[in-house]
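Engineer: Letter by letter, the chains look like this.
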Amino acid sequence: MIKVSEVTKKYPARLAVDNISFEVNRGEIVGFLGPNGAGKTTTMRMLAGYFPMNSGSIEVAGFDVRKDAREVRKRIGYLPESCPLYPEMRVDEYLRFRAELKGVKSSARKAKIAEVKEQCGLTDVGKRIIGQLSKGYRQRVGLADSLVHDPDLLILDEPTVGLDPIQIRQVRELIKQLAERHTILLSTHILQEVEAICERILIINEGKIVASDTEENLHRKLHACAVIEMEVAAEKAHAIGRVNALPGLDVRNSNALPDGWLRMEIEADSPEMRVDLFNLAVTEGWVLRELSEQEHSLEDTFVQITRNLGVTP
Amino acid sequence: MNVFFSLFKKELRTCFLSPIAYVVMFFFWALTGGNFVWLLSQLAHGESLTVAAQLMFSGPLLTFALPVVIPLITMRLFAEERKLGTLESLLTTSVRVPELVLSKFAGALVFYMVLWLPILVYAYIQSRLCPAEGIAFPDAGALRAGGLGVVLVGGLYVSVGLFMSSLTSNQIVAAISGFALLFGSTLGMAIMAYSSTTSSIRIVGQYLSSFAHMMDFSRGIVDSRTIVLYLSYTALFLFTSVKAVEARRP
Chain A
1 MIKVSEVTKK YPARLAVDNI SFEVNRGEIV GFLGPNGAGK TTTMRMLAGY
51 FPMNSGSIEV AGFDVRKDAR EVRKRIGYLP ESCPLYPEMR VDEYLRFRAE
101 LKGVKSSARK AKIAEVKEQC GLTDVGKRII GQLSKGYRQR VGLADSLVHD
151 PDLLILDEPT VGLDPIQIRQ VRELIKQLAE RHTILLSTHI LQEVEAICER
201 ILIINEGKIV ASDTEENLHR KLHACAVIEM EVAAEKAHAI GRVNALPGLD
251 VRNSNALPDG WLRMEIEADS PEMRVDLFNL AVTEGWVLRE LSEQEHSLED
301 TFVQITRNLG VTP
Chain B
1 MNVFFSLFKK ELRTCFLSPI AYVVMFFFWA LTGGNFVWLL SQLAHGESLT
51 VAAQLMFSGP LLTFALPVVI PLITMRLFAE ERKLGTLESL LTTSVRVPEL
101 VLSKFAGALV FYMVLWLPIL VYAYIQSRLC PAEGIAFPDA GALRAGGLGV
151 VLVGGLYVSV GLFMSSLTSN QIVAAISGFA LLFGSTLGMA IMAYSSTTSS
201 IRIVGQYLSS FAHMMDFSRG IVDSRTIVLY LSYTALFLFT SVKAVEARRP
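Chains as they are written, first to last, in full-length UniProt numbering: chain A, 1 to 313; chain B, 1 to 250.
The following block holds chain A by itself, in its conformation from the complex (with noise of 0.2 Å):
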């Protein structure tokens, strides 16, 4: 659907995008993480046409947005960072608007317009004025705008910046819905948001695409070692050097707890090194209360895969 080739961008003062590939496939749906001036709304821009590159190209649907930067973007539908509107318009004029400038015949451009309210639970407020609606019904509003034409790809930039909690989950709800017949592409710089709704992640970080791989495969590459936790009732000192003796593990954290618990976080090589652990506290005599495998959550991949390349997000 979208094939990106050694995409390169350069503003006056900086390069914004530095010779990025990635591919996204039909029907997929993608989240494009990255930390807030990393390059992930000028690459939307560019996929949209907004933007010219400096070098590269890209390909959407099989046509060349430099060239045939007309055929590529009747088949986006592309809500932009700050989903822009006009404020004095009313919600029905609006989306009627949009409809005939993205070239929705006239005979269909009334039930288009109905469905993708329906869709986006805009029915109730289309005699509404745009600049009096909340947050995240303008969202919407840019939403069933990006859907009018029934595009084959919808690119969103931030769909959810901006809007509160329940909007937030709304918004997810309804891209999910959305992706059963689109393909997407959304930028967040949530990690949460990407957990939530994406099956595979881009992440980029100052301007380079960092990596790119579902989200159980990002966690499995970086986390082939484990933290264990472990609670134990002993001494402090002495706890932390046996297992420390102990080939392969290494206390990287500890707290004695005011209820006179011992807690250990334990970097491991494999979690199962569980194993041995109990075997050290049966020896010791120690009594265990806790022993598990801690979960890694997006987040700490995110700040790994940062880290890792010498940058903090």
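These are calculated hints, taken from the structure and not from any lab test. Remember, it's a predicted structure, so these values are computed and weren't measured experimentally. Glycine included, C-beta positions come from ideal geometry on N, C-alpha and C. There's no promise every hint is true.
What the hints assert, rightly or not - Simulated DEER-style distance windows between Cβ atoms:
no.: 1; chain 1: A; residue 1: Arg66; chain 2: B; residue 2: Pro60; range: 51 to 57 Å
no.: 2; chain 1: A; residue 1: Ser55; chain 2: B; residue 2: Ile221; range: 54 to 60 Å
no.: 3; chain 1: A; residue 1: Lys110; chain 2: B; residue 2: Ser18; range: 51 to 57 Å
no.: 4; chain 1: A; residue 1: Glu88; chain 2: B; residue 2: Ser48; range: 30 to 36 Å
no.: 5; chain 1: A; residue 1: Asp213; chain 2: B; residue 2: Val110; range: 52 to 58 Å
Stated by the list, open to error - Mimicking SDA-like on lysine to any residue, the simulated pairs with C-alpha atoms at most 20 Å apart in a straight line are:
no.: 6; chain 1: A; residue 1: Lys74; chain 2: B; residue 2: Thr197
no.: 7; chain 1: A; residue 1: Lys74; chain 2: A; residue 2: Asn25
no.: 8; chain 1: B; residue 1: Lys243; chain 2: A; residue 2: Pro52
no.: 9; chain 1: B; residue 1: Lys83; chain 2: A; residue 2: Asp164
no.: 10; chain 1: A; residue 1: Lys74; chain 2: B; residue 2: Val3
To be verified - Computed footprint of chain A on chain B; a stretch qualifies when at least three of its residues, placed anywhere within it, have a C-beta under 8 Å from a C-beta of chain A:
no.: 11; region: 74-86
no.: 12; region: 91-101
Since chain A is already given, all that's left is putting chain B on it; use the hints.
Structural biologist: Just chain B, lined up with the frame of chain A:
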């Protein structure tokens, strides 16, 4: 063509929904009304019909009001789209930039022509007030030529204002730079044409001064050189506006 028409409709609607349109309308209509009262009092004091007819379209009041009024109409056109970010959503549909520029130009020009509508009422009043024997006043030919002049000069001014608006995301900057360029050139050319002691400067000034051109149009003189001058300058500013928008500065 359909796309152009949708854009044009939207442009007109936005224009007539903005409060600034009615403020501009109020002041311009007050001004043309005052101008007409002046014209009538000149006639009452026995001024010649030719001089009185000139006042219809080209009194000094009107000549120097247009450089103020038109930037107020045009400042919104692109500056607002940039500010709202809607330029990005427009240019990522299959809209072509020249279509967009022309639709905005046409919308603003239509609003400008609405500003001039009271002139029809004044012409009617004149024709009722002065039933002079054997003299057709106001002269139909002079009225038509004046109308043509109003559209030509207005077209150029609108294209200048549009260009200024295409360069910035700040409406105030667009309005002030448009005003400075239009007012400065109108005043400068008028000074060249009427107050210079050097005859060569005076001739150049008369070729270029919109004040002088509007005087001619009001007397019913339609000079094809003037028409070409205005159309080509208008085209030039529309073209540069297209280029400015295509440069796509965020």
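Engineer: So, for every hint listed, does it hold in this structure?
Structural biologist: Evaluated hints:
1. Against the hinted window of 51 to 57 Å, the Cβ-Cβ separation of A/Arg66 and B/Pro60 comes to about 53 Å, which satisfies the hint.
2. The hinted range of 54 to 60 Å is satisfied by A/Ser55 and B/Ile221, whose Cβ atoms lie roughly 58 Å apart.
3. Separation of A/Lys110 from B/Ser18 is about 28 Å and departs from the stated range, judged on CB atoms against 51 to 57 Å.
4. Taking the beta carbon of each, A/Glu88 and B/Ser48 are about 49 Å apart, not inside 30 to 36 Å as hinted.
5. Distance hint check for A/Asp213 and B/Val110: the Cβ-Cβ separation is about 56 Å, which falls inside the suggested range of 52 to 58 Å.
6. Taking the CA atoms of A/Lys74 and B/Thr197, the gap is near 62 Å; set against the 20 Å cutoff, the hint is violated.
7. Among the hinted pairs, A/Lys74 with A/Asn25 is consistent with the structure: their alpha-carbon atoms are about 18 Å apart, no more than 20 Å.
8. A C-alpha spacing of about 15 Å is found between B/Lys243 and A/Pro52, which places the hinted pair at or below 20 Å, so the restraint holds.
9. Taking the CA atoms of B/Lys83 and A/Asp164, the gap is about 24 Å. The hint is violated against a cut of 20 Å.
10. Among the hinted pairs, A/Lys74 with B/Val3 is consistent with the structure: their alpha-carbon atoms are about 14 Å apart, no more than 20 Å.
11. Residue count for the region 74-86 of chain B with a Cβ under 8 Å from a Cβ of chain A: 3. That meets the three needed, and the coverage hint holds.
12. Taking a C-beta to C-beta cut-off of 8 Å, the region 91-101 of chain B contributes 5 residues in contact with chain A, enough for the three needed, and the coverage statement holds.
In this structure, the earlier hints numbered 3, 4, 6 and 9 are contradicted, and the remaining ones agree with it.
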